[in-house]
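Participant: Chain residues, written in single-letter form:
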Amino acid sequence: MRLTRRQTFQAATAAAGVMLLAACGGGTGAGSAGQASSASGSGSAAGGAKTTISLMAAEYSKDNTKAFWDAFAKTYNEKYGHNLEVNVVSWDNIDQQSSTQIQNNQPPDILNLNAYASYAKDGLLYTSDEVLPAEVKSDILETFQKYGTYDGKFYGFPDLSSARALFYNTDLFTKAGIAGPPTSWAELEAAATKIKAGGNVGYALPLGPEESQGEFSMWLFNNGGDWKTDGKWTINSEQNLKTLTFLKGLATKGLTQNNPAKTNRADAFDLFKSGKAGMVIGFSPLAGDLDKDAKVKYAVAPFPSGDGSDSKTFGVTDYLMAFKKPGNTEAVKAFYELYYSKDQINTFIEKEGFLPVTKSGVEYFSTNQKLKVYLDTLPNARLTPTDDPTWDKIKLAVQQNLGAAITGDPKEVLDKLQKTAEAGG
Amino acid sequence: MALGSSDRSVGTASPASGVPLTRQRGRHTGVGRAHPLVALLWLSPAIALIAGIVVFPSVMLFQASRSRYSITGLRRGEAGWDNYANVLTHPDLPVVLRNTAIWVVAVVALTVVISLALAQLLVKDFPGRRVVRWAVIVPWAASLVITSQIFVLLYDYNYGLINHVLTTIGLRSESIDFLGDDRLTMASMVVVGVFVSLPFTTFVFIAGLNAIPDEVVEAAQVDGASGWQRWRMIILPLLRPALMIASVLNVIYVFNSFPVIYTLNDRNPGFSHDTMITFMYKLAFKSQEKDVGMSAATGVINVLLILVVVVVYLKVINWREETR
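Chains as they are written, first to last, in our numbering: chain S, 1 to 425; chain Z, 1001 to 1324.
There's no promise every hint is true.
As the list claims (entries may be wrong) - These stretches of chain S come out as covered by chain Z in the derived footprint (C-beta under 8 Å, 3 or more residues): (1) 96-104; (2) 258-264; (3) 396-404.
Stated by the list, open to error - A few chain S residues facing chain Z, derived, Cβ under 10 Å: (4) 118; (5) 134; (6) 209.
For the record, the hints were derived by calculation from the structure and aren't laboratory data. Note that beta-carbon positions come from the ideal geometry of N, C-alpha and C, so glycine has one too.
Input sequences plus hints: build the corresponding full structure.
Facilitator: Shown next as structure tokens:
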């Protein structure tokens, strides 16, 4: 998941790193499996000893992320005496940097990423029993506990979440004579057709490699499908095929923007922000951008259902995972204790414009009317199977292949993904 | 280069260094020779540099290419030649190789042809020549990522300047999808590739043209050669060294070009418009393989590939010279 809108300069830093990589051709890697040789810092024996731990955090926004973590590190130091080295990395770069650090046997103590299961599978992470205070664990919403659990143990501690909903341009809707947001897929198609007649894009459909698994998740959850059902992969199920065929239909009828298979989410958002698209699946940061621009009149509604059941939302969470290193347990524990304290986590989530992951957080944000449409659905949000390490690869396979269904055969695309998943990625 | 220049410094600098022993040695062994240890001392910075930034990474790269990695980057043990086998049997490899060939040949050929014309123009004296020369350098000075990003904006389907102009003046009723239409993606990228390669190549040719003595051209003129004949029979052959340097350096440079393709192709899923370099990157971080080992193996293959291409090219050039 890329939570931030991609920006030119992020791309610039990414490419700078990449050129370095290209120069030495794929990075080095002499580290071997097993434990990291030594934790940064010293004290391991005495509980009160001062330790330095490192955090690699993903950059959600230029303005807030670094400022928050710097202030956090200061409080952390004042309260516990340990030091926290903060390293904020852009989403474009973070996979590469964390992977390189692990190759070199120098992982950060805490890593903030959109996946954790592969790391748990490799035996690199602490479980909740080792580092998460009990009262924190019981405060985390059950949904997120469930998806953060690999092999019976809780490894993926959520830092924040988001939930998707349908954004529609009320000006375009009024102009096209549409009464309200669609509640079924047939209505959605009808609305898109009317908007298209006015010369605009009916529905902005991003199936490009940036995050096509997110877009497709929202659709398939609302048509009775899922990626995995009862522990078995069901990517090429009947319902999913119907869903993908419907999306292909939208594209071939010209109700979407040009070339949806090659449109990234950021580009679809740009279309909506410029007032050229009638509908798009969005989340709270998009609302934040729209409010700031104050250019487009829009409203947010639950996503319409394809099979007549209640609307479901696709939830996303990122993780703060802790790497096992000798002597860092106490400092890591203190980190979580502080992060999950109400004034820290809620400040962070509020500043970044996302949604809470704790029960106390839901309570804290419940007064915010703008977030109501998401918060109501959050406890029942459906997530992608992030608890399965195989998903870490399937996600990439979906990103690189799903778009092919728009010009090709949806069944073939889904069958191939299913086969990849059954083979364990 | 580094080695060459410090080699020279052994000859010139050591007698001047003021150490009597060195001077004596110098006298005994003749001009330009130095005691091996002294030579080593002078060479050591260069050797350290080469060991640090060439040899060490190469060894690590090779080691990585023979290792098995988890998706997290954790090394899981030896892989033998498996990574190489996986790369060579990758279903998309033929497409990637074809793209690489098209990309390198098209960009280098167009660059050389256009640069020749540009250089010819820029050696002529005309008012404002200095300004034009500066203008040619600009794309070279700008960061490749920024340049590519500007082209993404120019090419854009919805807001792009090019499409805006085309539809406004009525040449097209609909926008052209320069970066999303499979038939146009490579061509659109080649345009950018040529654009960023022109400055360097043009200046190599300007230097080459300035080195051609006026007398030769004048003599040809006196003998009655037409303008085209003069260029074809006199100037072009004399430009051969410049042409060779420009094309070899460009082949290497264009082959290794990452930012242009990565930026312009970023919306396209799969490997259908990737070259070996972006293929290598995607194998490590973006594709479903997400395998550092396979990526490292591709890195080794890339080095061998470019080596072979350059050696073959140089052989062909020599062969032509000998048969003339």
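Participant: Does each hint fit the structure? Answer for all of them.
Facilitator: Hints, verified against the model:
For a cut-off of 8 Å, the count of residues in the region 96-104 of chain S with a CB near a CB of chain Z stands at 7, and the three-residue condition holds. By the rule of at least three residues with a Cβ nearer than 8 Å to a Cβ of chain Z, the coverage given for the region 258-264 of chain S holds, with 6 such residues. Figure legend: the region 396-404 of chain S, annotated as covered by chain Z; annotation consistent (8 residues with Cβ-Cβ distances under 8 Å, at least 3 required). At its closest, the beta carbon of residue 118 (chain S) sits 5 Å from a beta carbon of chain Z; the interface hint therefore holds under the 10 Å criterion.
The criterion of a C-beta within 10 Å of any C-beta in chain Z is not met by residue 134 (chain S), whose closest approach is roughly 28 Å, and the hint is violated. Nearest Cβ of chain Z to the Cβ of residue 209 (chain S): about 4 Å, under the 10 Å cut. The hint holds.
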